[in-house]
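S.K.: Residue numbers (numbering that gives the first Met the number 0), protein chains in the order written: chain A, 0 to 220; chain B, 0 to 306; chain C, 0 to 721.
Please note that the accuracy of each hint is not assured.
[Claimed, not checked] In silico lysine-lysine, DSSO-like type, Cα no more than 30 Å apart, as pairs: (1) B:K195 to C:K23; (2) A:K82 to C:K645; (3) C:K32 to B:K195; (4) B:K195 to C:K448; (5) C:K32 to C:K96; (6) B:K195 to C:K321; (7) B:K195 to C:K500; (8) A:K82 to A:K55; (9) C:K321 to C:K402; (10) C:K462 to C:K516; (11) C:K448 to C:K82; (12) C:K96 to C:K82; (13) C:K82 to C:K23.
It should be emphasised that the hints constitute simulated quantities derived from the structure, not laboratory data.
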Amino acid sequence: MLVNDCMTRHPILVSSTLPAAEAQRIMVEHHIRHLPVVGEGKRLLGLVTRQSLTIKPDTLASLNVWEISRFLATMTVERVMVKADQVITITPDRTAERAARIMTEHKIGCLVVVEDTRNLIVVGIVTETDLLAAFQEMLGLPTAGVRVTMRIPNRKGEFAKIASVVAAQRWGIVGVASYPARRIPDRYDVVLKITEVGPEEVQRVLQQIPDQELIDIRTVA
Amino acid sequence: MSVAQPALDTLAPPIQPKRWRENLQIILASRVATIGLALVLFWVVVGLVSIFWTPYPPNSSLFAQNQLPNSTNWLGTDHLGRDILSRLMAGTQVILLKTRLPNRDWVIPGGVALWGVLGALAFGSFLGLNAGYRGGWWDQVIMQTLDALVAFPAIVLYLVIITAFQRGDLVVIFAIALTGTPGIARLVRSLTLDIKTRDFIRAAETRGESAFYIMFREILPNARGPLLVDAMLRVGYAIFAIGTLGFLGVGLPPPDPDWGSMVNDARRYIFVFPWGVIPPSLAIASLVVGLNLFADGLREELARYQK
Amino acid sequence: MQAPIADPVRSTHASIPGPGPVLKVENLAVAYKVRGGEIEAVHEASFEIYRGESHGIVGESGCGKSTVAWAIVNFLGPNGYVKRGSITFLGQELVGKSEEELRRLRGDQIAMVFQDPMQALNPSLRIGDQMTEVLTVHRGISREEAEARCLQMLERVYMPDPANVLRRYPHQLSGGQQQRVVIAMALLNNPALLIMDEPTTALDVTVEAAVLDLIAELQRDFDTAIMFITHNLGVVARICDKVGVMYAGEMVERGTVEAIFARPQHPYTQGLLRCVPRLGMNKAESILYPIRGRVPPPNARPFGCVFAPRCDYARERCLQEKPRLRPVATGVGESVSEVRCHFAEEIDPGRWRPTLDMELPMAAATSPASPDTGEALLRIEGLRKYYRVQGNTLRDVLGLGEKRYVKAVEDVSLSVPKGITLGIVGESGCGKTTLVKTIIGLEEPSEGKMHFLGFDISNGIDKRDVRLIQELQMVFQNPDATMNPAYTVGQQIARPMLRFKTVSKQQVREEVIRLLKAMRLDASYYDRLPRQLSGGEKQRVGIARALASRPDLILCDEPVSALDVSVQAAILNLLLEVQRQFGTTLIFIAHDLSVVRFFSDYVAVMYLGQIVEIGPAEAIYAPPYHPYTEALLSAVPIPDPKAQQKRIRLEGTVPSALNPPGGCRFHTRCPRRHLLPDGGRICETETPPWRDAGQGHRIFCHLPLAILRTLDPVLTTPSHEA
């Protein structure tokens with residue numbers, strides 16, 4: 000899956016002259032945490048996050064009651080946003096896992112997706128939510144079916160066994176994932192989502208695969 | 000309109016006053032057209048009044064020469080001691096209200112400018128309709144001939160016509176009609192080219208109607224609006240032309256006053272008595288501007304109305 | 000085996016709570032200031048469009064569809080303004096925004112496609128310059144890169160030979176290609192919202208089908224929200240996910256496309272669906288039910304429910320109280336439609352019966368004589384009509400150049416029996432109008448014979464006898480041009496009577512009024528001027544005028560295509576009634592295949608000046624088809640989202656009639672050529688034979704009938720619940 004397939008296209012974009020209070024309202028109303036700030040031609044100027052809208056206590060302390068309201072009224076997005084050169088961006092042709100990697104490395108919740116790395120034209124954003132949604136899809140949500148976890152040896156041809164058994168039964172697989180088994184060396188756990196079939200039948204068929212172990216099976220919607 | 004149905008034959012007439020009122024509303028909706036109409040109406044009224052009454056007889060020298068405006072002569076007197084106001088009022092007649100036939104004392108209603116433009120309308124519409132509707136060789140021959148006519152400066156044409164014939168109201172009318180024809184023909188042709196593509200013309204053709212019926216009964220009534228506006232402008236030009244001819248001394252024959260000759264007469268004394276040229280010049284200008292404003296306003300309003 | 004990971008339904012966004020709508024319009028009212036007050040063109044419209052969703056706005060002309068679109072992009076002109084309500088685009092209120100901000104939004108995030116592509120293209124700039132400008136000016140992209148992107152985008156919209164197109168001027172492209180360029184331009188900026196205002200209305204059906212396919216595909220790829228304005232219910236059914244029905248400035252119903260078509264809740268929506276002919280309906284078995292009355296003008300809308308005066312279910316409450324848009328369960332899945340009707344739950348469209356005052360044709364038309372046995376009223380043999388083209392070179396001007404001709408009608412033979420309706424279908428430029436003009440005598444044939452009632456009419460109208468002229472009359476397409484604006488209705492209908500002396504002078508008035516009554520117009524119309532009539536009324540007068548000379552044959556050139564659907568049904572019924580009452584024979588030209596199928600006994604399909612298939616209507620619309628007929632049928636938008644239609648799209652454009660392809664004229668685009676041995680080499684060289692499929696059904700094709708018969712029917716409709 001590429002960023003192009005999991006990003007949110009046409010995100011809400013704001014201009015740099017928007018009052019910060021208005022930006023806050025948009026974020027609350029639409030349940031979002033990031034607002035890319037763009038200029039002419041959707042060129043990235045910066046990013047507003049919920050953190051950037053919090054006023055630092057020492058700034059607050061230095062203002063008296065009258066000044067606070069004026070301070071808030073005149074504050075525009077431009078003054079609170081993270082400037083474009085500090086915003087971390089990605090292009091739509093990178094992979095989803097690469098996006099996840101960047102986000103975990105920098106401990107941030109959002110990447111602005113840009114086309115044309117020189118002019119930084121915003122085409123979408125990838126947030127944690129988008130990646131979690133992609134994760135769900137990879138595991139076959141929202142289609143209902145049987146979710147089964149097989150523990151297989153780390154050997155070539157083991158996965159093919161499962162695939163050929165499933166193919167022989169003419170079942171459909173809507174989600175696949177695999178990861179190294181926890182605390183057990185040289186084993187991999189494979190999660191499969193199989194549709195239009197009952198769990199008993201799946202269990203009966205998959206248990207017969209030699210060298211593999213069925214460790215979990217459940218019906219999920 | 001749920002009143003008891005009147006006898007069918009009497010249904011048609013009541014439409015007319017309603018249409019007039021509608022038209023009046025269109026004019027009044029535009030400030031420009033209203034001002035224009037007021038100016039024109041002012042001069043028409045002045046002309047009508049002058050037929051029955053002028054402060055003094057316009058052609059008799061009753062006063063001292065070259066007087067500035069004073070309490071007896073509101074607009075002063077000219078080089079022969081005639082009252083300028085009276086002459087100015089009477090001068091409206093030849094332009095807008097009456098045409099003198101040669102050799103007799105007969106007069107027909109409608110001024111020289113009006114008849115001239117009417118003549119141009121008649122010739123121009125006929126030629127334009129034929130050129131536009133029939134197309135092909137008709138179009139080529141008619142339009143090329145008219146273009147050749149346009150190639151002569153209008154003033155040269157006037158002079159040629161008037162020297163070829165004699166001075167006289169009819170000759171001036173003819174000159175105005177001839178110089179106005181190409182413009183109107185071109186306008187009618189372009190309108191015809193547009194109108195003839197409409198389906199109701201196809202319908203007439205499928206009835207096997209004659210070309211003349213289609214041109215004059217189907218097309219011409221629909222060209223009315225723009226044609227009217229154009230004619231209005233042309234009356235303005237015609238007044239200018241009459242003034243020009245009068246100024247050149249070949250305009251309408253004396254002794255009746257016309258504004259152009261008045262300017263011409265006064266011009267000769269312009270260094271001695273500059274006032275003399277002002278009232279007739281202003282009269283010409285105001286009437287022409289009035290007609291132009293009226294035509295412009297009407298055109299704008301008609302265009303908006305049609306949408 | 001089916002692809003294992005195969006759930007192509009776009010369910011991802013349904014499962015995960017996505018962000019808010021791209022566009023949200025709430026209680027919008029738009030007014031125009033005019034002389035003596037203001038006109039509220041849109042009174043109350045509310046809807047929202049999400050990412051990747053296409054939302055249709057349907058309604059008849061003058062109901063405010065386009066005004067809503069213009070309000071969104073602030074194109075209302077100097078005298079229009081948003082009176083009430085809000086327009087929220089991606090979380091930001093548009094109403095009250097400054098001109099500058101709106102302009103930037105429009106450029107960057109909202110794009111618009113109009114009916115006439117030339118409105119969006121600058122005729123004096125090359126396509127390439129116009130397209131690259133979008134990128135270079137606002138985004139500072141270099142020219143070379145911008146050009147590459149434009150080329151890519153043109154390929155994306157399946158423009159043939161895109162590199163060449165970039166170097167051309169707009170007028171050098173066909174209408175369909177122009178529209179593709181406009182769509183490509185709109186997508187260059189990757190807009191969040193694409194507003195399309197009747198984008199395919201001016202296009203031929205086969206081109207329309209291709210453009211609609213393209214729009215559907217782009218919508219998936221770019222995740223763009225599309226607001227699709229149209230009057231064509233078939234187009235809506237093909238392309239939209241949700242539909243809003245507008246009537247007299249109000250949104251009266253809104254729901255998913257399936258619900259709207261299967262279970263319309265508002266009486267207006269129900270009425271609309273009853274008055275469009277579906278492909279396959281014919282006049283013998285089904286009736287079109289027009290909606291009575293007409294759309295009220297914006298300054299005279301009723302106080303209560305706007306639809307009440309035309310509604311069959313209207314009660315006291317409808318006149319007193321304005322209904323609000325409220326949700327009603329439709330019974331189609333779990334979908335809920337929003338309906339502006341007090342009594343939506345109580346109305347059962349299945350139990351609807353036409354009211355007595357409705358205009359319906361009396362009885363089903365009796366089955367007419369077949370073209371072989373019946374007495375032929377009109378017989379045409381080998382008709383050709385060529386137009387000489389004047390070249391621009393010096394040689395041409397001097398008359399030395401090669402003489403070139405537009406072959407508008409090529410070798411047409413047909414015979415029309417008395418009392419039937421012959422439908423002629425084909426795309427624009429196929430020569431159907433020229434054929435009709437030649438029959439009526441407005442054009443003289445270049446070659447061939449025409450006989451009418453046994454008389455030779457192979458000459459122009461000025462050489463025909465008055466009696467003969469009288470027997471052939473015509474009904475025209477454009478209601479606004481069919482009547483002379485300078486004369487009253489009465490004068491115009493009376494003219495043919497006076498000219499042909501069908502009635503004495505004293506009786507003319509009486510006779511005109513009788514005809515008006517037959518057209519369901521009362522005597523007060525006699526003194527009205529055309530500008531006081533609605534489009535449908537003008538068309539009725541046009542029919543009355545054609546009937547006034549009591550002709551035997553009336554040629555109808557697209558008589559209903561410029562009318563709204565509810566009016567269209569009434570006019571079709573009227574023509575049926577006329578035919579029944581006066582026994583008139585009709586030749587009916589139309590581009591709408593459903594209308595032709597409904598209305599005609601016989602149908603001729605024309606392509607590039609030739610008839611390619613002719614026969615009884617039911618035979619034309621079922622296999623064996625001519626490959627061109629098959630393609631036409633598969634392109635017709637069907638007002639039924641459940642209908643299964645074969646997808647055949649013609650490639651390329653119609654060749655020029657100046658230099659038509661040799662052999663079979665359709666061979667350059669024929670999708671069935673490969674069925675012949677040798678890939679259909681024969682089609683390029685030899686004129687195809689007429690294949691007789693019986694009952695007067697003939698097909699002009701090299702493919703033998705045996706193969707043509709094996710082709711599947713284009714349309715299979717799941718059986719309709721009554």
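S.K.: With reference to the structure, classify each hint as holding or not holding.
M.R.: Hints, verified against the model:
1. Taking the CA atoms of B:K195 and C:K23, the gap is about 48 Å. The hint is violated against a cut of 30 Å.
2. A hinted pair counts as satisfied when its Cα atoms are at most 30 Å apart, and A:K82 with C:K645 does not qualify at roughly 54 Å.
3. With a C-alpha separation of about 35 Å, the suggested pair C:K32 and B:K195 falls outside the 30 Å cut-off, and the hint is violated.
4. The suggested pairing of B:K195 with C:K448 holds, with an alpha-carbon distance near 29 Å, which does not exceed 30 Å.
5. Our distance criterion of 30 Å between C-alpha atoms is met by C:K32 and C:K96, whose separation comes to about 20 Å.
6. At most 30 Å may separate the alpha-carbon atoms for a hinted pair to count; B:K195 and C:K321 exceed this at roughly 48 Å.
7. Straight-line distance between C-alpha atoms of B:K195 and C:K500 comes to about 26 Å, which keeps the hinted pair within the 30 Å bound.
8. Restraint check: the Cα-Cα separation between A:K82 and A:K55 comes to about 18 Å, which is no more than 30 Å; the hinted pair holds.
9. Restraint check for C:K321 and C:K402: the C-alpha separation of about 68 Å exceeds 30 Å, so the hint is violated.
10. The straight-line distance between the Cα atoms of C:K462 and C:K516 is roughly 35 Å, outside the 30 Å bound, and the hint therefore fails.
11. Taking the CA atoms of C:K448 and C:K82, the gap is near 64 Å; set against the 30 Å cutoff, the hint is violated.
12. With a CA separation close to 14 Å, the supplied pair C:K96 and C:K82 stays within the 30 Å bound.
13. Note on C:K82 and C:K23: the hinted pairing holds, with a Cα-Cα distance of about 16 Å set against a maximum of 30 Å.
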